[in-house]
Amino acid sequence: SRIISLSMQIAFSCLGPFAFASTFLNTPVEEFRSYLNESYNHELSVGGYETLWNVLQNFWFPGSIIGFFLAPMVNDTFGRKVGLLSGNCWNLISAIMQWAGVHFYVPSLLLFGRFISSIATAIAFQSTVLYLQEFPPTARRGTTSYMSDVVYSFFAVICMSLGTRQLLGETLSIFMAVQIVLCVVSVAITIQLHESPKYLLIKKKDEEAALASTHFFHGAESVESVKQFIQELKAEGSDLDCDSTSLKDFVHIFTDPTLRKTMFLGLAALQMVVPLWTLMFNSTDLLLDLDASKFISQWTSSGMIVCYFIGTLFGSHFIDRIGRRTLFIPCSVLLSVGIAAVAAAFYMKTIVPHAEFTAVAGLLIAGLVFGLGVGSIAWFIAPELSPQRYRSKIQSMVAVLNMIQSAIFTFAVMPLYRAFGAWIFLVLFCLVCALCDIFLYFELPETKGRPISEITEEVRNGLKMRRRRVGDDIENPKGVKTSAL
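According to mature numbering (1 follows the signal peptide of the UniProt record, and there is no 0), the residues represented by the sequence shown are -21 to -1, 1 to 464, in order.
Calculated from the structure, these hints are not laboratory results. Everything numeric in this text was worked out from a predicted model, so none of it was measured. Be careful, since some hints might not be right.
To be verified - With a cut-off of at most 27 Å between alpha-carbon atoms, the simulated BS3-like pairs for lysine-lysine come out as follows:
{"#": "1", "residue 1": "Lys273", "residue 2": "Lys328"}
{"#": "2", "residue 1": "Lys184", "residue 2": "Lys227"}
{"#": "3", "residue 1": "Lys183", "residue 2": "Lys328"}
{"#": "4", "residue 1": "Lys273", "residue 2": "Lys183"}
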């Protein structure tokens, strides 16, 4: 349908280039090692190379934090389309810089281009999240949100496969040009989009433009269904003053119990995404440490992303049928099981032949369940629980805090693994994710098929009910029944 087609186009416009940016260092590891050594006239020591490689991989996170800070100002002031288009244009510029850095052996240009890309991608990504939440009808919101993971995982498979020695891995200059092509297509897609109808109606209070935008996104749907969609948007914005973009709103998010709980739920959900960065950046190196062959190591990394893609296809089918909670919590538990299998392989390799295949299985399981019920849902929990006025800000704050955490974990985890062993994965990932799962199990409401105004009301009423129960316990601590005389 037109809704699915446009959601895939919106998702690609940001996540196609992002798939390349987040995976291009994974498979051609030795080729990039040679590139860095040649760039510095073979004067790099082993320690110097490890430091430079770690910075190149993880320099993405500081830029993302800056981008997520800027995103609410861009998206709330100028609109979702401007945020997406500006992010994609800067991504195109950064892709050209990164290609030039590789082609002319200037690592500093590659690093700076990657930094610019991380800022631009963060702005564009928040625009994408808001678009996919705001233009579809309520009954299709889960499926359209899943398109982000479907598109990302598909292009991650393509990009990681292109990075193997059998394809473009040995010709890094041509390999890096792929990102430029993806960015050009992204800009072309974004230009033809309309602004989000929800932004136009609630933020700009332009019902005529919102109606035209709804017709653009929903296509040939009946007049009644379009009117019903507009009425849902009005219901969501009826009790909110959406004109303010004051910094006081950020303070209010921390001081208001309902908004604060929404932020904590979003953070707990996004904690499940943190292990993916380590697995995606370092899966090839981890398997090589387990004495797996280079062929198995590289293609397992690609296979993990293939499983991720397959999982997103099934997840997009189930999400609007069985709900967010039912998918997310069990899949996040299985993700921890996959990580635990990778850690266990390091302790099995001295006593079990071919223990590396335990890690291979763990990586494939992690990729599958991440696509099935973790990746998309984690990013869309905070927006689905947030009122329109605070949605962009809460999403930005959750993303910034998650990026800070991801940066700390990703910078630290490999040195800690080298120093102390693979058990560090169990503590930093499995234990932390288990604690978040417990919190989500008791506090996360189901959002399937429900207007966002109704969901936010449930979060608010849930806190009121809990306070009422606490008050009753204080007044009657022993649970003694009282009656009027």
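Evaluated hints:
In summary, the hint linking Lys273 to Lys328 is supported, as the alpha carbons are separated by about 17 Å, within the 27 Å threshold. Distance restraint check for Lys184 and Lys227: the Cα-Cα separation of roughly 22 Å lies within the 27 Å cut-off, and the hinted pair is therefore satisfied. Distance hint between Lys183 and Lys328 is unfulfilled; the C-alpha atoms sit about 61 Å from each other, more than 27 Å. With a CA separation close to 55 Å, the supplied pair Lys273 and Lys183 exceeds the 27 Å bound.
Going down the numbered hints, you'll see the structure goes against 3 and 4, while the others check out.
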